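**Q** Sequence:
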Amino acid sequence: MTRTRRMLRPAAVVGAVAAVVLLTGCATTVSMQPAPEADSPDCAAVTVRLPAEVDGQPRVWTDAQATGAWGAPTTVLLTCGLEPSGPSTLPCETVDGIDWLIDDTEAPRYRFTTFGRTPAVEVYLDYDVVSARSVLGSLSSAVRMLPATESECTDRPSA
Numbered sequence: 828m829t830r831t832r833r834m835l836r837p838a839a840v841v842g843a844v845a846a847v848v849l850l851t852g853c854a855t856t857v858s859m860q861p862a863p864e865a866d867s868p869d870c871a872a873v874t875v876r877l878p879a880e881v882d883g884q885p886r887v888w889t890d891a892q893a894t895g896a897w898g899a900p901t902t903v904l905l906t907c908g909l910e911p912s913g914p915s916t917l918p919c920e921t922v923d924g925i926d927w928l929i930d931d932t933e934a935p936r937y938r939f940t941t942f943g944r945t946p947a948v949e950v951y952l953d954y955d956v957v958s959a960r961s962v963l964g965s966l967s968s969a970v971r972m973l974p975a976t977e978s979e980c981t982d983r984p985s986a
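One point on numbering: in my numbering, the residue at position 150 of the sequence shown is 977, and numbering is uninterrupted.
Hints listed in this document are in silico derivations from the structure and should not be mistaken for laboratory results. These figures come from a predicted structure and were not determined experimentally. All C-beta atoms, glycine included, are put in the ideal place defined by N, C-alpha and C. Treat the hints with care, since some could be wrong.
[Stated by the list, open to error] Now the in silico label distances, taken between C-beta atoms and shown as ranges: (1) 878 - 856: 15 to 25 angstroms; (2) 899 - 976: 30 to 40 angstroms; (3) 910 - 872: 28 to 38 angstroms; (4) 879 - 960: 17 to 27 angstroms; (5) 916 - 936: 12 to 22 angstroms; (6) 860 - 900: 11 to 21 angstroms; (7) 855 - 914: 33 to 43 angstroms; (8) 964 - 871: 19 to 29 angstroms; (9) 923 - 954: 13 to 23 angstroms; (10) 935 - 899: 14 to 24 angstroms; (11) 916 - 879: 28 to 38 angstroms; (12) 868 - 932: 14 to 24 angstroms; (13) 910 - 933: 12 to 22 angstroms.
Based on the provided sequences and hints, a complete structural model is requested.
**A** Next up, the structure:
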């Protein structure tokens, strides 16, 4: 009976390792670079509040601190810990009380960067797949954790 147990142990270990490999093989991890201030406690407060879904896109794992990603394939990327923007000629829009600078130079992929928050957050999204307003609205409760400065956008769209 002892010989049977010895043979079962290696078989069980091989089976467990194969199951782990299969399960992790199905998981997608998005490779990203952390921002210079990714280790900020304020970015940690943002990261732990990121939603499981934005505009119908499920959250996926990332391999960098203070980042987030959604969609399969990935349609939304978030990075916290950037240097705050100074004065800019980019258009600015306020969503749920948070000011965002809008860079459309890679349209239909847009880059939104917080204005008046330290450190800054950047959201990069595919406008062909998701709505910027919906994505930014979903992220606003997390981004609101960043300290606001006195400055605010001055180039706001007319309501």
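**Q** Could you say whether the range 14 to 24 angstroms given as a hint is met by the Cβ separation of residue 935 and residue 899?
**A** holds, 18 angstroms
**Q** Verify the CB-CB distance for residue 964 and residue 871 against the hinted window 19 to 29 angstroms.
**A** 22 angstroms Cβ-Cβ, so the 19 to 29 angstroms window holds.
**Q** Holds or violated: the 28 to 38 angstroms window for the beta-carbon distance between residue 916 and residue 879?
**A** holds, 36 angstroms
**Q** Could you see if the CB distance from residue 910 to residue 872 stays within 28 to 38 angstroms?
**A** Between residue 910 and residue 872, where Cβ atoms are some 18 angstroms apart, the hint is violated.
**Q** So the hint says 17 to 27 angstroms: do the beta-carbon atoms of residue 879 and residue 960 match that?
**A** Given range 17 to 27 angstroms: holds, Cβ gap about 19 angstroms.
**Q** Return holds or violated for the Cβ distance of residue 868 and residue 932 against the range 14 to 24 angstroms.
**A** violated, 32 angstroms
**Q** Please check whether residue 923 and residue 954 have a Cβ separation lying inside 13 to 23 angstroms.
**A** holds, 19 angstroms
**Q** So does residue 860 sit 11 to 21 angstroms from residue 900, Cβ to Cβ?
**A** holds, 19 angstroms
**Q** Please test the hint of 15 to 25 angstroms on the beta carbon pair from residue 878 and residue 856.
**A** holds, 19 angstroms
**Q** Check the following: the C-beta atoms of residue 916 and residue 936 are separated by a distance inside 12 to 22 angstroms.
**A** holds, 20 angstroms
**Q** Is the hinted range of 33 to 43 angstroms satisfied by the C-beta distance from residue 855 to residue 914?
**A** Because 39 angstroms falls inside the window, the suggested range holds.
**Q** Is the hinted range of 12 to 22 angstroms satisfied by the C-beta distance from residue 910 to residue 933?
**A** holds, 20 angstroms
Hint violations for this structure: numbers 3 and 12, all remaining hints satisfied.
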